[in-house]
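Which chain is which? The protein sequence lines are W and Z, in order.
full-length UniProt numbering numbers the first residue of the first sequence as 1 and each following residue consecutively.
full-length UniProt numbering numbers the first residue of the second sequence as 1 and each following residue consecutively.
If you're looking for bench data, these hints aren't it; they were derived computationally from the structure.
Please note that a few of the clues may not be correct.
No farther apart than 27 Å at their CA atoms in a straight line, the calculated lysine-lysine pairs in the DSS-like style are these [unchecked claim]:
(1) Z:K111 / Z:K639
(2) W:K127 / Z:K514
(3) Z:K639 / W:K211
(4) Z:K598 / W:K76
(5) W:K55 / W:K127
(6) Z:K279 / Z:K88
(7) W:K211 / Z:K598
(8) Z:K522 / Z:K598
(9) W:K127 / Z:K248
(10) Z:K88 / Z:K248
(11) W:K76 / W:K55
(12) Z:K514 / W:K76
(13) Z:K20 / W:K127
(14) Z:K412 / Z:K598
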Amino acid sequence: MHTEPTGGVSRREILGTGAATASMLAAPAMAAVTPDKAREADPPLVRVMLTVNGKPENLTLDARTTLLDMAREHLKLTGSKKGCDHGQCGACTMIVEGRRVNSCLSLAVMHDGDTITTIEGLGTPDKLHPMQAAFVRHDGYQCGYCTPGQIVSAVAMLEEVRSGAPSFVSPDLEHAEYSDTEVRERMSGNLCRCAAYPNIVAAIGDVHAGKKS
Amino acid sequence: MKFDKPAGPNPTDRMRILGKPFDRVDGAIKVAGQAPYSYEYHDIAPNAAYGVMVGAGIGKGRIATMDTRDAERAPGVLLVLTHRNAPKMFGQQKKQNTTSQESSEGSEEAKGAHAAPQLQGRDIKQHDEAVAFVVAETFEQATAAAHLVRIGYSAGKGRFSLTEGARNAKPNPEAEDAHVGDFDGAFAAAAVKVDVTYTTPNQSQAMMEPHATLAMWSGDQLTLHTSHQITHWSTEGVADTLGIPHDKVRCVCAYIGGGFGSKLEVYGDAVLSAVAAQKLGRPVKCALTRPQIFNHTTHRPPTIQRLQLAAGRDGRLLAMGHTTWTGDQEGARGELATEQSRLMYGGANRKLETYIATLDLPKGGSMRAPGEAAGLFALEGAMDELAEALDMDPVELRIVNDVQQDPTTQDKVRPFSDRKLVECMRQGAAKFGWDRRNRRPGQMRDGSLLIGHGMAGGIRNNMVKASGTRVTLQSGGRVLVETAMTDIGTGSYTINAQTAAEMLGVPLDRVSIKLGDSLFPKAAGSGGSWGGNSSTAGTYAACMALRTAIAARMGMPADAEFVDGQIRAGGRSIPLASAAANGPVVAEDTITYGDLEKTYAQASFAAHFCEVAVSAVTGEVRVRRMTSAFSAGRILNAKTARSQCLGGMTMGIGAALMEALQVDERFGYFANHDLAEYHVPVHADIPDLDVIFVDSLDTKSSPMKARGVGELGICGVGAAVSSAVANATGVRVRDFPITLDKLLPHLPKVA
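Okay, chain Z solo, but in the shape it has when bound (with noise of 0.2 Å):
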């Protein structure tokens, strides 16, 4: 099915099950603690032997000397990999024979995109990164011969700091850079304005779950259980890595312990349980230790923001200039933080600019939000300076710089599918109790304790992706939904499930569902807020088929109502499970787009609003309430996306007051990497949080009328809390996170 027209009305819109807050249909089996995870198909491969990855011990340069000897003598050693004995993988293999199949699939990304050769020489491009690969009978025995393996490091000089690296950045090619009117003469000329520069650190996206595979071979076939979120880009990077048709890689991502963005990619743990596999003739299972995850994999790369706002006297914007430094590997993306700058408000005259220096650090990746999340601290903080020099009141402010139509697309108007910032504003002003905030800061105390109110608003941009299901009606009238869709926390079972239920007209009960498998029609998998509007419109679609299937099979009208479980058509009815009497039915659709995407700008909008209590003796910050209001299209679940907000509400909550990956400039590594040293938001630190969602609904979009709203959630949270820092005390912290040290030397003398 291909969605080129807006939406109009369809079996959504009943609204019996959708948007209902369904407890997950995965849940029973998450809260016993029988929903398996990649590392523990004990039925399946029980002889699975043990791998223990080893990480590079410096963060640029050569291996100058290995010795194996003690590791492979080692008890219960069967395989030690490293450079010498690895097989050559993409970029080092002779030229591809693509097969006629791998391109008839169309991947729609270059081949190799989502490659991630290991152990391909002596050159050292990042800390832990995989120097050695030691697989054993048990974890105890892989684990201590992992530590023999004796490895001496030509350390090269890298370079590691943005701040320096900023010096020399280039433009981003990844990033579209935006000159509008003459922002240099509207700023310079305004009544009004603030030009300041934040920054944001490196941050990891921390999931409980670390990267784990399982890998098993039968013939020339590979089959993964693996922590990734989007199945085909698993398949696609491991069959490239190693050089093998994409069919001979079977991945099953069933069970997901989080992602926000770092199993977008493949890791060692994939890779070398692969071929450690292949070449033992047996399972093989890894998970990267927890240390190594924030070396090994992705994280949010950090950000240099300088913002100049100018306004008139009335507060409407005359300049928005957004100009960022990020900085990564080379050929990386680096986060980019202008994104939302693009879209969240009006102003004639603009500049967004993007750069981009290269970096010896690990490389960096998607976090949830990756742009808006770093780019909202800046340009929703600045923003709040902004209204304090009008001396207006911030929300206020936002909204009459409100606009319905992309302010920076020139050559068209563009308008939006569908934005109620201004809804999300009033409404969540209006149950926090906004208009009860003092303007001035510093003048609300209890006892030792600063109290402030802050504010900010949010955007994260709406994609979607093709994605396929395959739905079958059973004898009996039950109904399975099959698809490689993944679900990791975001509610992708349930909401599929429900989906189905709502178009043939089932209770969700008589819905069975499987998920993560490449095996099932391929799907949009779980990034960029996608998956939930994307992979329910892929269901929507096979329903759509099946229901053709159906009324033809039974002699109804195309356009018969599936309703309690009956086909009904001019005055006739029957039980929609007798059209299984002589076998399933199966119906499989794919939902692909149209250029509405590009006709209409499209954005899911928060805003938020945030009381925090800072002590005048310590300067320690807690949050004591938030209230925010999103508007996301239609809420598929209203349980499971309340969720995906507070989720993302906490982490940007965290990445506020403690998320910083602290960089060792010597060695070029990120230090504080467990979790007693990376601080995320613990039980004690969040409150009860409030969230609201807007009523809308987006028929430009999907035909579920929906947008994403897992990303959401993060979005503008770290610009309230700061606002609600610089309400409380009077100082502004403009470089993330706002730890203690950096308000307390400015906090008023304790008498």
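Excised from the complex, chain W in its bound form (with noise of 0.2 Å):
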């Protein structure tokens, strides 16, 4: 049994006829665009001013690039990850206007005028950042691919401690202190298939402390 795709249909009426009736099309919220109204979608370009990593950029991007994309695919700044593009592993946070974000979930349009750093901006591999060093001592990281965020989070989330902010787990809501407890839930947003979590902790601690080896 099948059926010509047909306009309008919408996923979550499939999702209700059952397997057996099933005509389903790839792309439903799209299928009533006609092919030229399809070109006419394409978005315009869009002028970004903002300064990365202390460096001003000048950019003419596609309106749907998010802040992701456009560090990586624009200013080839590759640090800052792509795991699931869409704002639930971390492996993207950057530090904007002084504030951990998930770049994947933001576009670049809305940061005209931001101050960003990326991984990029924190060190160098001859010239470690203190939290990347750290990383590097407790082996906070095993492929690799989270650990910028891990790193541009866990420096952006010190700051928030310092502030003061409170989180989940705070026992006093008006003066935050910094405990492993803490780490772990301020750094939920981080995935780390590898697990390195209780390292991470420790290069964590280490930089809060002071620690330097």
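Fit the two chains together into the complex; they arrive one by one in their own frames, and the hints show the way.
Below, the structure is given as structure tokens:
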């Protein structure tokens, strides 16, 4: 049994019909778009000016470009990783105006004028940021793919704790204090499937305590 | 070098550099974000076009209609590949002319073993198999155009339920069953027995880097930068798929963002990027989207496991029965969950049977410790239940059933090469404080939390693979190590560099190392925990060959000592660097193996001790602490090996408490196909974990005297957690994962 594709069938409707009668479109949401409209739908290019790792950047981008793809594909800063493109893994974490964000969930055009730090802005292999050095020392990574996100997230997270911002596990909402429990809670948006978690917590602890080696 | 006799004393025994907890040699570039993964080669392919795969929207059936016109006309689109314009691939091509070069390569598997044909017709065999591939100038254009490919399906009736499939399951040809003694008679007559059924779900490897490939052609030569665990499997897989000689494909797998078995196979990203790059005459790159990964790539298949254990009052096993059912696509392996039960414990009467049902779910594959990870849930869970039935300490029960030779092989005595399971149990128990455990369930509370302690043993079969390395003594005395071996986070860069430094008597910082290029000597690759031991054994072999070449060049005896940057023999000492004064010295060798794997049972061992807290109100389970002891032969780097164990323990906690792919049995796909819905452990789920390595050397495994460690960490963890939950609550959950909905109805009423 099959039916010709028709416009306007939503996935929800299909899910309700049962397997035997399934008739699906690859992209139900787009099904009503005619060829001509598809052409029109291509968004115009947009100019974005922002500062990345201290360097002014002046880009002309497809409006659909995420902050992450702007860095990875346009600025060739591939240190920020695309693990899910859905804001679920944290591998793309950047510091935007002092706060950590999942850069895959943010369009570049939303950041005109913003100051952004990526992993490349923290340190280089020859001159590592203390957080990067602590990750090496404690083996706070294995495959290395979530690592830039963990490190960028950790740097910003320490600032959040210093500022006293509470988390879900803070016993006192007025005066959040550093603890391993706080770190585990606050870093839980950064997944590590190699599971270097105990080593990452130890590395962050070193940096918090100001240890160099 | 052929390793066919147990290793005697050799230069690795110095352990000046080997074994030490060196930081990773690839650490600085990884933490700085400078290590290039497959999608990130802007320098060599600045004009790469972007490919986006379209996956099938049904689990089984046919493509009824397909309209690509809108996609083809969309801005920036360069190519839309479908079954209508894709080239014929492996299985569809006319009889291939195997080139003489290929046959002389002596590939260990049948031709096409790693092939992965894509877009070969209207038939759909699994959800999210490739049905189209859209290539455009930008990622955004390709993504948008991919949504304009209009496909109508004719859905077929698929077999998506293992519970149903198990009724008609057939003996699994991939597993060796065993019938020893009189199982039925012994089980019936025994004083104490358990007869329980456990189930484990489909699970996803969920490594952090999506499968990704950059493909570029130069004439008839294809180069792929691709995320694959075994360089030559990728090379052979892509070449066989496309019907071109293996030597026309070069695969570079320099940095791989995790694999856990998922990247042992070739997928749409590699094949379709290669096809598109050839058609377009320009490089094409593609990364699978995260939601595609869960259905397009492999997963750990589900199991149903019946454990029948019978013992005398002293705890000695009299009958051991393990019958398992799994499901997979036609011809695929499923999860071989009886594996560990061949070797783990004694018992004169044994029955091990494995059945497989054909399912139309996505094809299963390897996930960290395929077989054991699922099988030990059931075996070790049932052992805990047996201990309870005997009112015996679960550690003591394991110890009385320890064996020092293969308990299942009947026809000949097959001793273990090095089995220290009991030592793992004793050392782990001491460190954990197991003697303070309350054996009666449901007795310990911490406020509203029910506290419990559980333990389990673990085993992972040891495998070795041929592996080659080239070592060069460069002018100035630096050493260059090159091998096609991969590092998926395991530490291969570091331990191979350590091996060369140890063997040649130079500091670690005098060694440069390059991995993951099929132009380098063919290597074991990363799978089945064979990579660390086998690849360093290859580097050992190459270093022995280099030592011989250097000694010959310098007029030194073949048994000269290489130490402290010097070559020493008979009172003479000359600087190693002087051997390269007139040009580099190069040696290449491959380690191969005799039959020590057959004459000795080889496996790594573990014991896990776990404390959980279960909320009496919600049933939520938290692991509070865990101590695990491991015996894996020589530990080549104490830091990276510990990290591998931490990773395994964590994945085991995930499997115990949260990981399950949810099958939509109407449509035949995994519904929770992203990282928000497929739960893996996060920071907040994992406390400090305690890792102990039990001293051991395995002289039967390789000249490195090491064994696999990468998968060992997960083996048995789930059962330690489930036993701790049972100890905390008195509730035994045999259907993994132990989510709170399975516990809550059985918890005591909260006042």
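Going through the hints against the structure:
1. This hinted pair does not check out: K111 (chain Z) and K639 (chain Z) have alpha carbons roughly 39 Å apart, beyond 27 Å.
2. For the proposed pair K127 (chain W) and K514 (chain Z), the alpha carbon gap of about 23 Å is at most 27 Å, so the pair holds.
3. Proposed proximity of K639 (chain Z) and K211 (chain W) is supported: the alpha carbons are some 19 Å apart, at most 27 Å.
4. The straight-line distance between the Cα atoms of K598 (chain Z) and K76 (chain W) is roughly 51 Å, outside the 27 Å bound, and the hint therefore fails.
5. The straight-line distance between the Cα atoms of K55 (chain W) and K127 (chain W) is roughly 18 Å, inside the 27 Å bound, and the hint therefore holds.
6. Restraint check for K279 (chain Z) and K88 (chain Z): satisfied, since their Cα atoms lie roughly 14 Å apart, inside the 27 Å limit.
7. Note on K211 (chain W) and K598 (chain Z): the hinted pairing is violated, with a Cα-Cα distance of about 51 Å set against a maximum of 27 Å.
8. The straight-line distance between the Cα atoms of K522 (chain Z) and K598 (chain Z) is roughly 24 Å, inside the 27 Å bound, and the hint therefore holds.
9. Only pairs whose Cα atoms come within 27 Å are accepted, and K127 (chain W) paired with K248 (chain Z) is rejected, the gap being roughly 40 Å.
10. Taken as a hint, the K88 (chain Z) and K248 (chain Z) pair is honoured in the structure, with Cα atoms around 18 Å apart against an allowance of 27 Å.
11. For the proposed pair K76 (chain W) and K55 (chain W), the alpha carbon gap of about 14 Å is at most 27 Å, so the pair holds.
12. Simply put, K514 (chain Z) and K76 (chain W) have alpha-carbon atoms about 23 Å apart, close enough for the 27 Å limit, and the pair holds.
13. In summary, the hint linking K20 (chain Z) to K127 (chain W) is supported, as the alpha carbons are separated by about 25 Å, within the 27 Å threshold.
14. Restraint check: the Cα-Cα separation between K412 (chain Z) and K598 (chain Z) comes to about 11 Å, which is no more than 27 Å; the hinted pair holds.
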